[in-house]
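In order, the protein sequences belong to chains R and E. Using this note's numbering, you'd call the opening residue of the first sequence number 1 and step up by one each time. Using this note's numbering, you'd call the opening residue of the second sequence number 1 and step up by one each time.
Some clues are possibly wrong.
Which copy is meant is left open, because identical chains are indistinguishable; a pair holds if it fits in one copy or across any two.
With a cut-off of at most 25 Å between alpha-carbon atoms, the simulated DMTMM-like pairs for lysine to aspartate or glutamate come out as follows [to be verified]:
{"no.": "1", "residue 1": "Lys39", "residue 2": "Glu379"}
{"no.": "2", "residue 1": "Lys100", "residue 2": "Asp223"}
{"no.": "3", "residue 1": "Lys100", "residue 2": "Glu379"}
{"no.": "4", "residue 1": "Lys100", "residue 2": "Glu14"}
{"no.": "5", "residue 1": "Lys100", "residue 2": "Asp372"}
If you are wondering where the hints come from, they were derived from the structure by calculation, not from laboratory data.
Number of protein chains: 2
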Amino acid sequence: MRILEIRERTVPLEGGVANAVIDFSGHTVSLVAIVCDRKRCGRPIVGYGFNSIGRHGQSGILRDRMIPRLRAADPSSLLDGEGRYLDPAAISSTAMRNEKPGGHGDRAGALGALELAVWDLNAKLDDEPAYRTIARAFGRSTGRRSASVYAAGGYYAPGGSDSESESSRLRAELAHFRALGFEAFKIKIGGATLDRDLVRVEAALEEAGAGSRLAVDANGRFDRTRALEYARALAPFGLRWFEEPGDPLDYQLNHAVAEAYAGPIATGENLFSAIDVANLLRYGGMRPGRDVFQMDPGLAYGLTEYVRMIESLEANGFDRRQCFPHGGHLINLHVAVGLDLGGCEAYPGVFQPFGGYPAECDVGAGRVWPTDAPGFGLEQKTELRRIISDWP
Amino acid sequence: MRILEIRERTVPLEGGVANAVIDFSGHTVSLVAIVCDRKRCGRPIVGYGFNSIGRHGQSGILRDRMIPRLRAADPSSLLDGEGRYLDPAAISSTAMRNEKPGGHGDRAGALGALELAVWDLNAKLDDEPAYRTIARAFGRSTGRRSASVYAAGGYYAPGGSDSESESSRLRAELAHFRALGFEAFKIKIGGATLDRDLVRVEAALEEAGAGSRLAVDANGRFDRTRALEYARALAPFGLRWFEEPGDPLDYQLNHAVAEAYAGPIATGENLFSAIDVANLLRYGGMRPGRDVFQMDPGLAYGLTEYVRMIESLEANGFDRRQCFPHGGHLINLHVAVGLDLGGCEAYPGVFQPFGGYPAECDVGAGRVWPTDAPGFGLEQKTELRRIISDWP
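Work out the full structure: start from the sequences and follow the hints.
Structure representation (structure tokens):
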């Protein structure tokens, strides 16, 4: 077995939505393809991966640094002991050769896309869905099962709108999610005043039916004072969780919110390495059995590093079911199922071509079942198939 | 005043050297040029900046994200109140538009190169050296003065060598540095066994003359056990400092070394944002009046963010003279002088075309004086002038 070619391509995200901090209309994602010398039905087997959503495509780092290092490596050094599969850890360390420690930002997304393409390829070599390959690699059950999935939406419309039309838009959005089979929801906060955000939360709650079905996400927007002010105001709603109250690296602020707010808090989507997660555990006041971890393999050096994070959580008394990876897409559905995580996210209708699940996935009672298509099954998703089908 | 054009160019580093973690032979640096509509001697004034050394060029992030955002902005929004200079903070926030919080890695270097080019341009608009522009902007003395500069070398030769030839190579290297006017030195450790590293340290000490003139740098290589083992073994030498014993984000390890090792420790070159530095101050056990901070503006979003770090140090009882920015080059010489820092680094003969200072700089008694060439004076450095002279 041998890699013939590694390609990367920058894909723009469709649709204009905004959270409290950013407008996604100019955002891109890196899609990576690893072509190997093994074939199915006369065509080379290709592994695909991408670096999730929200942190931009990483074409420069892939093209200038990581892909050349892999091309320069002894091909056999990139394989497992028997030479039958690609070795994700070996590929990661080769792609990271001559990179200094620290600074876990864009390059973590570049490697994420690349390393996940390895998992897609390995699963396809065995003609099996990726959740099964992942489960086997990390000692979990390989049986078919579902993940709890919540629908994330409730973005601010760029340009804004008045309170009443915003409330009815939110209710309609959640009603649509419910009609699609979702039973838990997440909306954005922090992009408006507290009063106006509370109107949004109340409108969403009318549709969600219970606080336990509705999470809110501030996208790291608040300073300590405002985070605590929101915590006080949100407490009576008994929400599913309060996400990223402050800067994702401000562990002290997170600790203060965890002390003041009895409900679950969620964070981690902007922590891209095991050492950053270790710091969250050491200093952030996260509570075993209660709080939620949202690290996203595609943004954080891939599954190899993600499993290091899970191990460190478990070594500190946390349960892997407290993990709900950021990024509502097929890759993280397979990760959540394969690793028995708490669940994952879905973005019905936005962040195309990456967001959401293909029609072939069963959805019901707030759960999504991956199909048994080989790999992550990205080819089953219409919007992605268009891009993949003639490339490479 | 108006920006006509922003260009970026990837420049390979010359010379093959290695520290405990990486080989620099494939490394690159991003050089940024900002061309404005003001002229000197009939030619447009151009500001140049680069993202220091060690974390790779950032062409992709500059071209795909930051430069397009600046091009799309209202030109007047990028100027100071009177429209006479570029506003470094406004340019930084525009270049970072629609970027999520956290993940301070490669993009911090991309913005570093860009923001420093703004300072070079602003200084040239007033026909003055950058240290003076920087000093005026941040309320320091604008008089000409020097910075304490130490010579950093003592790299491992790629491929390795025997202990004796390594010792004599180290002594010859430090003797050469001394002949150039340097009185303090730094060598690498952590790329060999402790015993062999101690032979290196002893050889270097023979030439340095005193522990207070010799720092050692482990480049984040050690785990806690090995960091403490080195700390114990190094303690009797009374070294200038022990640099980056462990992972730059492992504040707990840094804290443990600070508790066990009475001499100064140095870290920060791989912390790229004010919040990462805040975490070092909160959790890392750094000691006012003793330890050394090496954050590097070119790798950390530029001078605007760097000054936030200095303010946070001072608010926590530290002295700015504890700061010795990583990256031995002209930009950080002007930063060290303009902000009255403890000093900066020099890499005599390596990391060309960026490393070191032009012949026009006075060097003596372990200090370097910037010249009064406009801006950072990069055009005075022969190796850089070759690149700059026909570009853009």
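We went through each hint and held it up to the structure:
1. For the identical chains of this complex, Lys39 and Glu379 are intra-copy neighbours only, at 16 Å inside a copy versus 56 Å across copies, given an alpha-carbon limit of 25 Å.
2. For the homomeric pair Lys100 and Asp223, the shortest alpha-carbon distance between copies (15 Å) is at most 25 Å, but the shortest distance inside one copy (31 Å) is not.
3. Taking identical chains as interchangeable, the C-alpha atoms of Lys100 and Glu379 are never at most 25 Å apart, the minima being 36 Å within one chain and 29 Å between chains.
4. Taking the shortest Cα distances, Lys100 and Glu14 sit within 25 Å of each other only across copies (18 Å), while inside one copy they are farther apart (34 Å).
5. Taking the closest pair of Cα atoms, Lys100 and Asp372 never come within 25 Å of each other, the shortest separation being 39 Å inside a single copy and 34 Å across copies.
Consistency with the previously given hints fails for numbers 3, 5, ordered from lowest to highest.
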